[in-house]
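Trainee: Chains as they are written, first to last, in the working numbering: chain Y, 237 to 809; chain X, 237 to 809.
A couple of the hints might just be wrong.
Remember, identical chains collapse to one label, so a pair may be satisfied in a single copy or spanning two.
Below, a list of computed lysine to any residue pairs in the SDA-like style, where the Cα atoms sit at most 20 Å apart [what the hints assert, rightly or not]:
| id | residue 1 | residue 2 |
| --- | --- | --- |
| 1 | Lys-773 | Leu-743 |
| 2 | Lys-394 | Phe-545 |
| 3 | Lys-326 | Leu-686 |
| 4 | Lys-773 | Glu-733 |
| 5 | Lys-773 | Arg-763 |
| 6 | Lys-444 | Glu-423 |
| 7 | Lys-394 | Glu-423 |
| 8 | Lys-773 | Leu-736 |
| 9 | Lys-394 | Met-409 |
| 10 | Lys-484 | Pro-413 |
| 11 | Lys-394 | Pro-413 |
| 12 | Lys-444 | Met-424 |
| 13 | Lys-394 | Ser-734 |
| 14 | Lys-473 | Arg-397 |
| 15 | Lys-394 | Arg-323 |
| 16 | Lys-394 | Asp-420 |
| 17 | Lys-444 | Asp-420 |
| 18 | Lys-326 | Ser-250 |
| 19 | Lys-471 | Thr-499 |
| 20 | Lys-297 | Gly-243 |
| 21 | Lys-547 | Arg-397 |
By construction, these hints were calculated from the structure, which means they are not laboratory data.
Number of protein chains: 2
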Amino acid sequence: MTDGVTGARLRAMSYEELEALCERLRKKIIESVMANGGHLSSNLGMVELTVALHYVFDFPKDKVVFDVGHQCYAHKMLSGRMDGFARLRKRGGLSGFPKREESVFDCYDTGHAGTSVSAAMGLAKARDLSGSDHFVIAVIGDGSFNNGLVYEAINNLKPLRTNILVIINDNGMSISPTVGSMHDYLEMLAADSVEEKHRARRADIFEKFGLDYDGVYDGNDLRVMIERLTEIKEKLKTQSVILHVLTKKGKGYSFCEENPEATHGIGAKPALEYSEVLGRELCALAEKDGRITAVTAAMTGSLGLSGFFEKFPERAFDVGICEEHASVLCAALAAEGYKPYYAVYSTFLQRSFDEIVLDVCSQGLPVTFCIDRAGISGADGETHQGVFDLSFLSFIPGLTIAVPKDCNEFAEMLRFSGTFGAPLAIRYPRSCGHTFGSVMPVVPGSWEKLEGGDGRVVILACGERAVARAYAVRGLLEADGIAPALVNARFVKPLDESMLDGFGESLIVTMEDNVLAGGFGSLVTERFADRPGKLVKCFGYGDRFIEQGGIDELMDDYGLSPAEIAAYIRERI
Amino acid sequence: MTDGVTGARLRAMSYEELEALCERLRKKIIESVMANGGHLSSNLGMVELTVALHYVFDFPKDKVVFDVGHQCYAHKMLSGRMDGFARLRKRGGLSGFPKREESVFDCYDTGHAGTSVSAAMGLAKARDLSGSDHFVIAVIGDGSFNNGLVYEAINNLKPLRTNILVIINDNGMSISPTVGSMHDYLEMLAADSVEEKHRARRADIFEKFGLDYDGVYDGNDLRVMIERLTEIKEKLKTQSVILHVLTKKGKGYSFCEENPEATHGIGAKPALEYSEVLGRELCALAEKDGRITAVTAAMTGSLGLSGFFEKFPERAFDVGICEEHASVLCAALAAEGYKPYYAVYSTFLQRSFDEIVLDVCSQGLPVTFCIDRAGISGADGETHQGVFDLSFLSFIPGLTIAVPKDCNEFAEMLRFSGTFGAPLAIRYPRSCGHTFGSVMPVVPGSWEKLEGGDGRVVILACGERAVARAYAVRGLLEADGIAPALVNARFVKPLDESMLDGFGESLIVTMEDNVLAGGFGSLVTERFADRPGKLVKCFGYGDRFIEQGGIDELMDDYGLSPAEIAAYIRERI
Chain Y
237 MTDGVTGARL
247 RAMSYEELEA
257 LCERLRKKII
267 ESVMANGGHL
277 SSNLGMVELT
287 VALHYVFDFP
297 KDKVVFDVGH
307 QCYAHKMLSG
317 RMDGFARLRK
327 RGGLSGFPKR
337 EESVFDCYDT
347 GHAGTSVSAA
357 MGLAKARDLS
367 GSDHFVIAVI
377 GDGSFNNGLV
387 YEAINNLKPL
397 RTNILVIIND
407 NGMSISPTVG
417 SMHDYLEMLA
427 ADSVEEKHRA
437 RRADIFEKFG
447 LDYDGVYDGN
457 DLRVMIERLT
467 EIKEKLKTQS
477 VILHVLTKKG
487 KGYSFCEENP
497 EATHGIGAKP
507 ALEYSEVLGR
517 ELCALAEKDG
527 RITAVTAAMT
537 GSLGLSGFFE
547 KFPERAFDVG
557 ICEEHASVLC
567 AALAAEGYKP
577 YYAVYSTFLQ
587 RSFDEIVLDV
597 CSQGLPVTFC
607 IDRAGISGAD
617 GETHQGVFDL
627 SFLSFIPGLT
637 IAVPKDCNEF
647 AEMLRFSGTF
657 GAPLAIRYPR
667 SCGHTFGSVM
677 PVVPGSWEKL
687 EGGDGRVVIL
697 ACGERAVARA
707 YAVRGLLEAD
717 GIAPALVNAR
727 FVKPLDESML
737 DGFGESLIVT
747 MEDNVLAGGF
757 GSLVTERFAD
767 RPGKLVKCFG
777 YGDRFIEQGG
787 IDELMDDYGL
797 SPAEIAAYIR
807 ERI
Chain X
237 MTDGVTGARL
247 RAMSYEELEA
257 LCERLRKKII
267 ESVMANGGHL
277 SSNLGMVELT
287 VALHYVFDFP
297 KDKVVFDVGH
307 QCYAHKMLSG
317 RMDGFARLRK
327 RGGLSGFPKR
337 EESVFDCYDT
347 GHAGTSVSAA
357 MGLAKARDLS
367 GSDHFVIAVI
377 GDGSFNNGLV
387 YEAINNLKPL
397 RTNILVIIND
407 NGMSISPTVG
417 SMHDYLEMLA
427 ADSVEEKHRA
437 RRADIFEKFG
447 LDYDGVYDGN
457 DLRVMIERLT
467 EIKEKLKTQS
477 VILHVLTKKG
487 KGYSFCEENP
497 EATHGIGAKP
507 ALEYSEVLGR
517 ELCALAEKDG
527 RITAVTAAMT
537 GSLGLSGFFE
547 KFPERAFDVG
557 ICEEHASVLC
567 AALAAEGYKP
577 YYAVYSTFLQ
587 RSFDEIVLDV
597 CSQGLPVTFC
607 IDRAGISGAD
617 GETHQGVFDL
627 SFLSFIPGLT
637 IAVPKDCNEF
647 AEMLRFSGTF
657 GAPLAIRYPR
667 SCGHTFGSVM
677 PVVPGSWEKL
687 EGGDGRVVIL
697 ACGERAVARA
707 YAVRGLLEAD
717 GIAPALVNAR
727 FVKPLDESML
737 DGFGESLIVT
747 MEDNVLAGGF
757 GSLVTERFAD
767 RPGKLVKCFG
777 YGDRFIEQGG
787 IDELMDDYGL
797 SPAEIAAYIR
807 ERI
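So that you can see chain Y by itself, here it is in the shape it has in the complex (with noise of 0.2 Å):
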């Protein structure tokens, strides 16, 4: 299919042939995120509502948001991406999410959850001071609906005098089990005759928003979905309508519908995770003390809290996608005298950011944030990486940030924070991919001398990630008869002073998994600054957005290349 012509193109087809699309769709969708991994079950329960979006609109002239974006598949099949899936978020290949610069069918790029309803409300307000007259369309899932930034869109919507469809995807299902009164809510009115939805009696939340709500239908049944979108698109030229519809996670493909969290994403397994270790010393710390609490904003399973959460169900608390709400929980129970630990991943902490400054580092709270996904994610691309986490918490006033070098350290690092009555973040990547001997003891701002060098040049490496590729750089060295000092960097904040000042070497290299500006080098780079006779090279990545692909490539080609900065050390010395 060519650019435009969708909706002409599936309007001309009989429900039969539509149908067969829809399973030719899904088809290849589990092909393509088999061969190439991405969200298989939440893709799955679109595809119906999708064909009928395209049938029933016009787009690129109308307008789409998919929020999150990772269910959004079959419109990009629909929408003359069909070949593209082969590589599907392969370096260069298919983005997982919608891309402005990939096709003139997605209008706005999502990743984060949220943002939907406010970005098509912008794309609406933007097509009324334009006088066109297209449609806009925000889909949602019932799990999204939890986050605040939905709210501030939908209490603004009277006032901004615009009018939109927000279509709720309704699979039960956040990464986790949604949980919430809005959840219940929206159960509420599904467990309700179609008749009475009609009348829309019990929606009066949505209609004192400003939404003429319309539901609950069967969001996998194609007829249906096509004879509400062509009816609703009538009354959207008058006002705002919120269409809520059931979709089945994993639809059509029995092994998801049954495990829709497992299969929520789908990649190559690592052999040991980070989170794994996370639920096991947690669960260690909660058994000998009470004050131990988990907080975790819609993703228990993939950050190792489930166990967690079997054990101590009443110091467990999913808060629903509500980033900001989590810390501010954290911030309050810690403010009593208890011990939370809120795990989540290094993009989503973002939405944190002014409660982890006010709510927990102002006030000196011992919150442990447990930063999972830290450093380049891979195949998600831009939203997902995590490479920005030091440089936004490097500069808060009272945080401790350790930066463990392997599994067995990051164990070692909660078993300390456990006793630990301050501000504390611990970033790591996902994979544990190599341990590096013994753990010393973790004392805030002490570093560990892993090999000394020959006085020349000393490597300072943070994290897992940084000392591999330091012992690498360590090997490409040897050959030309030079020996840096390497150093495991485990603390960004406070940095190890007396290490630092007792450094012989010339020359100081600093490596790490996250952008350059304002990260660990960054902070070392300070401290010599006015120092004649030191010099500070950092290793990082660049001031630019880190697209899909492989880990280890992108490490390479953005900043982390060990032959390049062996390379540099040759040079300088």
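Chain Y is already provided as a structure; the job is to place chain X on it using the hints.
Mentor: Okay, now just chain X, sitting in the frame of chain Y:
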């Protein structure tokens, strides 16, 4: 009054005595705010409600969290801090916000909108886990109630299974008049008769979120407040309750009652504010360019946008206290070819961090952030200092960051922004204190050489305050025959590479009204770190939260003292 006995003391008083107490408190509030500045009208409106809270509950055993916290004056006076009001908001004096370190009656520090419900839930959950039975209360204004964080919290109330009292202090105002569907809903409830409200028939939204609704009552009627709270206290043992009260902002002081926005915050008004320049230039741009749009999060007047909102209502959007939504709305408007300007205080922009990174910068959309109250803001203290923005913005790929040397350059930067097609941030303090000669044409990454020097040291000053202090440093060094060159480093990103490469001076000094870590200086430092013979010394704020005080005294004490900077240079040369 001494700590811990306020409840008993008040309960021993007659209504007449209590009314007289309210008048004394009100008088004291007016006196101290007129003397020291602060939040006037919101505190005047809270007097009776606060006395009633202290009458019915037993603080500090029971706990109350004030949202934002600017309405806590009566609470402070009733909890043994009456005398402290002579030095309210002064250096070392009483804070204008709740402070745990100040009194056991302040159980949780606030300063930014929307945290109170989450915090109360955490305090309450800690109470439940520890087997205590005290009461936890959140007092939140109708303006803060628009914030997404409040929705995230209330949505999580039922799953958390804990009981709190949420008091909506409804005065119809944010800093600007409150907008949004939730506000309309509250107004609708307020329009009903008390009888109907008692049945709470129409308060279904709150009921669905697990809050038993009780309202609407006159929050300035002491007798009614005491009756309601006494009754609710019993209910709280088995459920969460929302009490909706109407208060008169500025109650008892006619000038405030008639001018609630103007008297929200009282302080010496500068002769000229950057916000006035913003309003003037934005209107001029909008006259010529229909794409110009303006967005504010409930602070139209204090950001200088009142004129724009009057002249271009269809292109002006007050979204309420919803900083996240504001940024996404701007991104979407820009995606459709509009030129949105989001004016916001530096400290409140922290709430938009994730959206600045992904919605605006990752998509490369031409949104202009006009960041007011940047740098030390003074008397409001830790929660309101704008000293982090350069650090949380400078590492974001694709963002251009401009810092004007004075109001004239700010105006020129705004004129430039009208044709700039990428994400742009312009940060500036509240008041225009100086002007420095003519303004060079604005080109990203171009700095301005203000003064030549003797070739030994060059000072790179970032922003008006730094430039002013750099001149002071120059003056101090004259006597020693030292003449530093002086540069107006008006772009933090990109840096003026060619000028940096051209410096013959061996010592480069940077000055900025921001924390050192991750700030302007650190970017300069990183650039020269591995170049022999170049020393860089950065002056800015160290690794601590900066308390309330006079702007100049705080700048002197925490890193930008001309005397200390001059002494450093003297010693180094």
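Trainee: Would you list, in rising numerical order, the hints stated earlier that this structure does not obey?
Mentor: Numbers 3, 13, 15, 18, 19, in rising order.
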